[in-house]
Amino acid sequence: MTVVDPSESSPGTRAAARKERVAGWRVGVLASPAAPVYGALIGIIVLAWIVVTIDGGEFLTTGNIVNMLQRSVALGIVSLGQTVVILLGSLDLSVAALISLSSLVTAQQMDGQPGNVIPAILIVLAMGAGVGLANGLIITKLRVNAFIATLGMALILGGIIENGWSGPQGGVTDAFSQDLGYTRFGVIPMSFILFAVVAVVIWFILRSTRFGYRVYAVGGSEDVSKLSGLRTHRTIIGAHIVCSLTAVITGIFLASRLKAGTPTVGLDGGYDLESIAAVVLGGTALTGGRGGVIGTIGGVFILAVLDNVFNQLEFNSFVRDVVRGIVIIAAVAIYARRQEKKA
Amino acid sequence: MSTENVAASGFGADEQDRGRRFLSALASTGTIFILLLILWVWITILNPTFAEPGPFLAYLKRSAPLVILAAGAYFVLVSGNFDLSVGSLVTVMVVVAARLIEGEPSRTWPVILLLLVIGAVVGFANGFISTILRVPSFITTLGMLLILNGAVFWWTGGAPRGALSDNFRSIGRQGIEGIPWIEQLPWSVLLMFAIGAASVLLMRADFGRQLIATGDNERAARLSGVRVDRVRILAFVLSGVLAAVAGILLGGFGGVSAQVGKGLEFDAITACVLGGVVLGGGRGSVVAAMAGALTLEALFTWLNLQGISGALEDTVQGVIIIGAVGFAAYRLRGAR
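Quick mapping for you: the protein sequence lines, in order, are chains E and X.
Residue numbering for the first sequence follows our numbering, starting at 4 and increasing by one per position.
Residue numbering for the second sequence follows our numbering, starting at 24 and increasing by one per position.
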């Protein structure tokens, strides 16, 4: 069949060739795990646009786009870290408590002194690395299931917060709050650039470093990875450190946004379960080994657009939860069907 | 080869094998009973009245809802799934009951029936979505948590309204009076033991074996003729119904609040894991899971007696849970 000269090929073979090309394109773009996520995102944006316009509002205005980008930052950054641990076949339920704690510590360490900004950030990052290290060690060395280990860590951090703070902690400097929380370049808020930077860094790590490959390998099968000579423990610990670091970055951002640290900012935001929902909405398998950062970003945007529409339509917050729950289940059910067809 | 084995193993070998199996089961799940005993003794040393029938029954009564929830969580966990919706389901039960009963005693029994039906329906929905629609149960029940919480407060307009009738509350509060020595045998304790016994029987029946087989190796179970989806859906239904029972008890204990079920899903799962149930399915016993719940409740009592209440309580609880599960994992490795 390959001997046939393309110029003399019958319409049938030409059609076949075209089909092949389309199939190739499908393999490249449509078959990537992130494709249905962005399909869903575009669908939801169009739907949102129609609904909001019918309601008499404006959806695609500068103000509204800024608003949506701004809202996606906090959940976005922590979801990126959550992606890494979920790819590994683990998960982290301690991020919400860690976000609260890091917002408090940021404010406390800055103490209103501009000179303290950099040291405060370094201290909080070190704290994040420490918590991630502890999570990783508990999971690998004590062999405690990640669900219980990070749930226990959430309790531990929650107790520390409750013991140390009863209310908001002031001390975030004006300049820092202004710079990170409120500056924007055109439509792009400064904080969104932070999100983008974290996203690119984690995308690069997963895609092009040895550590990244190991994360996918361990997520695919921990036993096989171990038997192939990978130091799986190191990979698991490393991934948990990355995840906790993204949580503290989220905490620092929220401190700048609120100009204070608060004990409830993490749990009220529901960042633990919501970040997992965003990752799964982004097409990453909870069992690990499949998915990636690009899908997660789509998942975060889906939640941000939904949130924005609810706000514009002035939905009751309880209705909001109901719709959000339905959307999450429905989206994942659709992905599951796709997977099944392919298999 | 298999015929050779059968020939070689007489009755004695079989019995020996059974004995060894019992020992290894004890080593893997027995840890929790040792832990529970240690805590009971320790609490008694700190506060000698704890061992008296009255206070001890009060402790069992307090533990009953969590023990019942742990049994429900066990069915789902052992089949290889998660149920994160039970906490919100408990809240739904209490809020719906208060709204519908409005203090009217005659409405109690119909409402209780309705609550059990709601539990079963929510469990069925969880199971159906997780099996037939192939959504990971973690996400299904997480979504269900959002839906239930949102729906119930949307319906009641933001805050719980209405009131529970006295005979509704008596299920959680009262018991058989006038028994010598122990004075009162609470209904909730009776219910707890009844559900415990029923669960054990269920796990020994075909259903239980199929459930464990499904959680251990879905494909092998399917190939040997287990209706995997049906078994899993049934596990979710059981979890929902038991959450309804726990909700009815908790409604009797405390007031009507939006916080009543908060975090209970995590407590129930923690109790199971303390009891040696392996997340991912296929391992663990329901008795050990219920003992895990009793241990968790004893732990709360112990923390109170130690004077660690309020602020640092959570921290200590977190450390102990991690430590206990780590210890159980260590023992499990030793036993293999």
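Hints are supplied without guarantee of correctness; some may be wrong.
What the hints assert, rightly or not - Residues from chain X that keep clear of chain E, each with C-beta distances beyond 12 Å, as calculated:
id, residue
1, Glu127
2, Ile135
3, Asn149
4, Leu165
5, Ser188
6, Phe230
7, Ala236
Unchecked claim - Label-pair distances were calculated between CB atoms; the ranges are:
id, chain 1, residue 1, chain 2, residue 2, range
8, E, Ala129, X, Asp189, 52 to 60 Å
9, E, Phe214, X, Gly277, 42 to 50 Å
10, E, Thr64, X, Gln329, 52 to 60 Å
11, E, Arg187, X, Gly180, 52 to 60 Å
12, E, Thr64, X, Arg242, 50 to 58 Å
13, E, Val204, X, Gly303, 26 to 34 Å
14, E, Gly167, X, Gly77, 34 to 42 Å
15, X, Arg242, E, Gln181, 28 to 36 Å
16, X, Arg253, E, Arg210, 36 to 44 Å
To be verified - Covered by chain E, according to a simulated footprint, are these stretches of chain X (three or more residues, beta-carbon under 8 Å):
id, segment
17, 92-100
18, 206-219
19, 339-347
Simulated from the structure, these hints should not be mistaken for lab results.
Please read all numbers here as calculations on a predicted model, not as lab measurements.
A virtual CB, placed ideally from N, CA and C, is assigned to each residue, including glycine.
Going through the hints against the structure:
no. : hint                            : in the structure
1   : Glu127                          : holds (26 Å)
2   : Ile135                          : holds (25 Å)
3   : Asn149                          : violated (10 Å)
4   : Leu165                          : violated (6 Å)
5   : Ser188                          : holds (26 Å)
6   : Phe230                          : holds (26 Å)
7   : Ala236                          : holds (20 Å)
8   : Ala129/E / Asp189/X: 52 to 60 Å : holds (57 Å)
9   : Phe214/E / Gly277/X: 42 to 50 Å : holds (49 Å)
10  : Thr64/E / Gln329/X: 52 to 60 Å  : holds (58 Å)
11  : Arg187/E / Gly180/X: 52 to 60 Å : violated (38 Å)
12  : Thr64/E / Arg242/X: 50 to 58 Å  : holds (53 Å)
13  : Val204/E / Gly303/X: 26 to 34 Å : holds (32 Å)
14  : Gly167/E / Gly77/X: 34 to 42 Å  : holds (39 Å)
15  : Arg242/X / Gln181/E: 28 to 36 Å : violated (58 Å)
16  : Arg253/X / Arg210/E: 36 to 44 Å : holds (42 Å)
17  : 92-100                          : violated (count 0)
18  : 206-219                         : violated (count 0)
19  : 339-347                         : holds (count 6)
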